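Asker: Sequence:
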Amino acid sequence: MTGNQKYKVMISGRVKKMLETHIRFMMQVHKESAVAKKKQIISALCSLSKMPKRFPFFGEMYIPPNKYHKMFIEKSYLVLYQIQDDIVYVDYILDFRQEYSWLIY
Numbered sequence: 022m023t024g025n026q027k028y029k030v031m032i033s034g035r036v037k038k039m040l041e042t043h044i045r046f047m048m049q050v051h052k053e054s055a056v057a058k059k060k061q062i063i064s065a066l067c068s069l070s071k072m073p074k075r076f077p078f079f080g081e082m083y084i085p086p087n088k089y090h091k092m093f094i095e096k097s098y099l100v101l102y103q104i105q106d107d108i109v110y111v112d113y114i115l116d117f118r119q120e121y122s123w124l125i126y
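Mind the numbering: the sequence shown is residues 22 to 126 in my numbering, read in order.
Here are the computed lysine-lysine pairs in the PhoX-like style, where the Cα-Cα straight-line distance is at most 20 Å:
1) Lys74 <-> Lys91
2) Lys74 <-> Lys29
3) Lys71 <-> Lys88
Just so you know, these hints were derived from the structure itself, not from any lab. These figures come from a predicted structure and were not determined experimentally.
Please work from the sequences and hints to get the whole structure.
Answerer: What follows is the structure in structure tokens.
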């Protein structure tokens, strides 16, 4: 990629469902916070269209090396994504307050 070219960001159905479930739960607690959090997450995901390689690889024993990049959103979320040619595939968004050992095994 050169200069002004952008990567296309593809968000998996799994990520959309994870985000929808989380935001729906937050709406029950505090609607304004949920709306703000959703905007923040969407903005962070869209930022991957520019320089997605700026984030390091996710390194876990059971994950193939150099497959997923990891991006943190504030102190609450971990986004795992792959880059293939000029497309960024967002495969997971994890809330740190939840258990995610299922991802590793």
